[in-house]
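One line per chain: the protein sequences are A and R, in this order. Each residue of the first sequence is one higher than the last, beginning at 148 in this note's numbering. Each residue of the second sequence is one higher than the last, beginning at 3 in this note's numbering.
Bear in mind the hints are in silico, worked out from the structure with no lab data behind them. No experiment lies behind these values; they were computed from the predicted model shown. One or more hints might be untrue.
[Stated by the list, open to error] Derived SDA-like pairs: lysine to any residue, alpha-carbon spacing no greater than 20 Å straight-line:
id, chain 1, residue 1, chain 2, residue 2
1, A, LYS192, R, TYR99
2, A, LYS192, R, ALA47
3, R, LYS46, A, THR263
4, A, LYS192, R, LYS46
5, A, LYS192, R, ALA5
6, R, LYS49, A, GLY259
7, A, LYS248, R, SER11
8, R, LYS46, A, LYS160
9, A, LYS192, R, SER56
10, R, LYS57, A, LYS160
11, R, LYS49, A, PRO189
12, A, LYS192, R, GLN108
13, A, LYS213, R, THR100
14, R, LYS57, A, ARG249
15, A, LYS192, R, ALA33
16, A, LYS230, R, THR100
17, A, LYS192, R, VAL109
18, A, LYS248, R, ARG10
19, A, LYS160, A, SER265
20, R, LYS46, A, THR239
21, R, LYS49, A, GLY155
22, A, LYS192, R, SER11
23, A, LYS248, R, TYR34
24, R, LYS46, A, VAL234
25, A, LYS192, R, LYS57
[Claimed, not checked] Label-pair restraints from in silico Cβ distances:
id, chain 1, residue 1, chain 2, residue 2, range
26, A, GLY204, R, SER13, 44 to 54 Å
27, A, THR235, R, THR110, 31 to 41 Å
28, A, SER214, R, SER29, 16 to 26 Å
29, R, SER19, A, LYS230, 26 to 36 Å
30, R, PRO9, A, ASP221, 36 to 46 Å
[Stated by the list, open to error] Where chain R lies over chain A, by a calculated footprint (3+ residues, C-beta under 8 Å):
id, region
31, 154 to 165
32, 168 to 181
Glycine included, every Cβ here is placed at the ideal spot set by N, Cα and C.
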Amino acid sequence: QLQLQESGPGLVKPSETLSLTCTVSGGSISSSLYYWGWIRQPPGKGLEWIASIYYNGNTYHNPSLKSRVTMSVDTSKNQFSLKLNSVTAADTAVYYCARHKRFGDIDYWGQGTLVTVSS
Amino acid sequence: QSALTQPRSVSGSPGQSVTISCTGTSSDVGAYNYVSWYQQHPGKAPKLMIYDVSKWPSGVPDRFSGSKSGNTASLTISGLQAEDEADYYCCSYAGSYTYVFGNGTQVTVL
């Protein structure tokens, strides 16, 4: 059974960089069928797709966040990562990592991790 | 890339049917047959319920069904059950490997 687990600091200061890693177990991140993405959900609000990466390193971003987002993949560790720079309070959210196919159906999700932006 | 529009809430009695709409544009919902629907219970990760407009993932009951007409997709829950009470989100492929979610709908079982 595939499992995804987010890890990273739960508190980030304004203007700094949010960094999260997703560790995939029970399956290979190098599968040609799937993409690996980050989705966030501010408290009490809806879901927002942030970005996705393919095992070969190709990345795709939400246009509204593109300038602040960097993703990377480490196939040797079966992990992928997110960096979001210049964070503000508006970036406070539960961040989910997930697996999806090319056209979007997201079939596996991590449990989510709350990241709070505050001084 | 604006969020897809869903009603804030819908409700129904056990056994009834409810339908949630998801309205986008000719650049997302209207352009592709790649709309998916997710169920989210409080404090939990979302769960895929429908993909490619009307297909069921393994294990999802066929009480859940999806359709699309023009720029609007819909999720219908038939034979509403207490455990169906949750938030539901649509998501559409928007081209160039980008995706957009709906703003979410709270389903209440009366």
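*Given the hinted pair LYS230/A and THR100/R, is their alpha-carbon gap at most 20 Å?*
Between LYS230/A and THR100/R the Cα gap is close to 18 Å, so the pair holds against 20 Å.
*Below or equal to 20 Å on CA atoms is what counts here, so check LYS192/A against ALA5/R.*
holds (12 Å)
*Given the hint that LYS57/R pairs with ARG249/A, test it: the Cα-Cα distance must not exceed 20 Å.*
Status holds; Cα separation ~16 Å.
_Pair hint outcome, LYS192/A versus GLN108/R [Cα-Cα no greater than 20 Å]_ = holds (11 Å)
*Mind checking the alpha carbons of LYS192/A and ALA47/R for me, to see if they're no more than 20 Å apart?*
Measuring from Cα to Cα gives roughly 14 Å; hence the hint holds.
*For the pair we were handed, LYS46/R and THR263/A, check the Cα-Cα distance against 20 Å.*
holds (18 Å)
*Okay, the region 168 to 181 of chain A and chain R, do three or more residues pass the C-beta test at under 8 Å?*
n = 0 at 8 Å, threshold three: violated.
_Restraint status (C-alpha distance of LYS192/A to TYR99/R at most 20 Å)_ = Status violated; Cα separation ~24 Å.
*Verify the proposed pairing of LYS248/A with SER11/R, using a straight-line Cα cut of 20 Å.*
Violated, at roughly 29 Å.
*asked:* Tell me if the straight-line CA distance from LYS46/R to VAL234/A falls inside 20 Å.
replied: Violated, at roughly 25 Å.
*asked:* Range first: 44 to 54 Å. Now tell me if the beta carbons of GLY204/A and SER13/R are that far apart.
replied: holds (46 Å)
*Measure nothing beyond the straight line between the CA atoms of LYS213/A and THR100/R; if it is 20 Å or shorter, mark the hint as holding.*
It holds: about 11 Å lies between the C-alpha atoms, which stays within 20 Å.
The structure fails to meet hints 1, 7, 8, 9, 10, 15, 18, 21, 24, 25, 29, 31 and 32 from the earlier list, while all remaining hints are met.
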